[in-house]
Amino acid sequence: MALLSVVIPSFNEEENIENTASVLSKLLEENSIDYELVFVNDGSADKTFEKIEEQAMKNKRIKGVSFSRNFGKEASIFAGLETAVGDCVVVMDCDLQHPPTLIPKMVEKWNEGYEVVEGVKSSRGKESLFHKMCAGLFYDIMSKLIRMDMKSTSDYKLLDRKVVNVLLSLPERNTFFRALSFWVGFKTTKLEYEVAQRQYGETKWSFKSLMKYAINNATSFSTFPLQIVTGFGFISILFAIIMGIQTLVKYISGTAAEGFTTVILLILLIGGFIMISLGIVGHYLARVYEEVKGRPKYIIRTYTDNVKGNM
Numbered sequence: 072m073a074l075l076s077v078v079i080p081s082f083n084e085e086e087n088i089e090n091t092a093s094v095l096s097k098l099l100e101e102n103s104i105d106y107e108l109v110f111v112n113d114g115s116a117d118k119t120f121e122k123i124e125e126q127a128m129k130n131k132r133i134k135g136v137s138f139s140r141n142f143g144k145e146a147s148i149f150a151g152l153e154t155a156v157g158d159c160v161v162v163m164d165c166d167l168q169h170p171p172t173l174i175p176k177m178v179e180k181w182n183e184g185y186e187v188v189e190g191v192k193s194s195r196g197k198e199s200l201f202h203k204m205c206a207g208l209f210y211d212i213m214s215k216l217i218r219m220d221m222k223s224t225s226d227y228k229l230l231d232r233k234v235v236n237v238l239l240s241l242p243e244r245n246t247f248f249r250a251l252s253f254w255v256g257f258k259t260t261k262l263e264y265e266v267a268q269r270q271y272g273e274t275k276w277s278f279k280s281l282m283k284y285a286i287n288n289a290t291s292f293s294t295f296p297l298q299i300v301t302g303f304g305f306i307s308i309l310f311a312i313i314m315g316i317q318t319l320v321k322y323i324s325g326t327a328a329e330g331f332t333t334v335i336l337l338i339l340l341i342g343g344f345i346m347i348s349l350g351i352v353g354h355y356l357a358r359v360y361e362e363v364k365g366r367p368k369y370i371i372r373t374y375t376d377n378v379k380g381n382m
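With the numbering used here, letter number 78 in the sequence shown gets 149, and the count goes up by one each step, no holes.
Hints are not guaranteed to be accurate.
Unchecked claim - Mimicking DSSO-like on lysine-lysine, the simulated pairs with C-alpha atoms at most 30 Å apart in a straight line are:
id, residue 1, residue 2
1, K97, K192
2, K261, K97
3, K192, K233
4, K261, K180
5, K180, K233
6, K176, K129
7, K368, K258
8, K144, K368
9, K233, K176
10, K180, K131
What the hints assert, rightly or not - If you anchor each label on the Cβ, the simulated ranges turn out as follows:
id, residue 1, residue 2, range
11, A267, S307, 25 to 35 Å
12, G304, R358, 19 to 29 Å
13, I347, P170, 38 to 48 Å
14, E183, R366, 34 to 44 Å
15, E265, E179, 17 to 27 Å
16, G353, V156, 38 to 48 Å
17, G350, A267, 35 to 45 Å
18, V255, L319, 52 to 62 Å
19, I312, K258, 45 to 55 Å
20, D105, I347, 45 to 55 Å
21, D376, A267, 26 to 36 Å
22, G342, E89, 48 to 58 Å
The hints are simulated quantities; they were obtained by calculation from the structure and are not laboratory data. Ideal Cβ placement from N, Cα and C applies to all residues, glycine included.
Start from the sequences and build out the full structure, keeping to the hints where you can.
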């Protein structure tokens with residue numbers, strides 16, 4: 072029987088661990104699916120890993136990995152993929168807003184020969200207007216920057232072992248799982264789901280964190296922001312041509328002394344373009360610097376005994 076691994080990134084989710092482990096275990100056992108649950112504690116400040124250890128003591132199919140500090144969701148996903156030993160792997164959130172009932176359907180699609188089964192949101196569920204606006208802006212930015220429709224995509228997906236191995240073989244440190252799993256190709260299908268309501272705790276995503284996530288992932292996956300710099304250059308040249316023509320006309324007509332306000336505004340505009348361009352280039356240089364240093368995506372502080380026994 073094929074083994075299914077479920078990778079569950081967890082950051083300050085002590086209230087959700089027990090419920091998530093119970094719901095997933097019961098569901099998978101009822102559907103006669105051989106499984107393992109891999110919780111990844113992303114440097115939580117609460118008792119998340121202690122809760123994971125408690126569940127691992129009760130159920131040997133539950134594993135836990137704990138980072139030395141917070142490395143982010145992307146690092147958590149890849150740590151889970153590296154720890155998982157299943158023939159196929161599902162990645163999902165710990166708060167169960169990714170409905171577990173979709174997993175048996177994903178496994179069915181995998182048995183039919185699909186190597187990537189994407190969970191696609193049909194609705195975002197019950198969210199505040201502000202959070203929907205933040206999420207909408209985030210996905211609009213991401214869709215335009217990486218030229219993929221990100222509005223309904225999610226990290227909730229099933230990957231065949233060969234796909235997992237390809238993702239783990241990628242040498243880059245700055246990763247964007249959602250886009251990379253699309254980029255690698257393979258035979259793909261989609262299943263729609265409605266985002267469930269979070270039972271415990273609150274979302275960790277604020278407007279600031281979403282924007283930071285968008286910028287980091289966009290620059291790690293796309294060079295489009297660098298092309299914006301070229302656009303600024305063309306706009307500056309256009310303004311220069313217009314101002315040059317205006318200056319010549321004023322010189323010929325004998326009114327060349329006028330127009331200082333326009334010149335000042337033009338200098339401020341071009342100066343703004345230059346500073347933004349330097350910021351974009353500087354951000355990419357920082358990403359290159361991070362890659363060149365070759366530091367690991369994450370540092371693991373400890374495992375549960377269930378993982379140690381397999382190492």
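>> Output the indices of the hints that this structure fails to meet, ascending.
In response: 11
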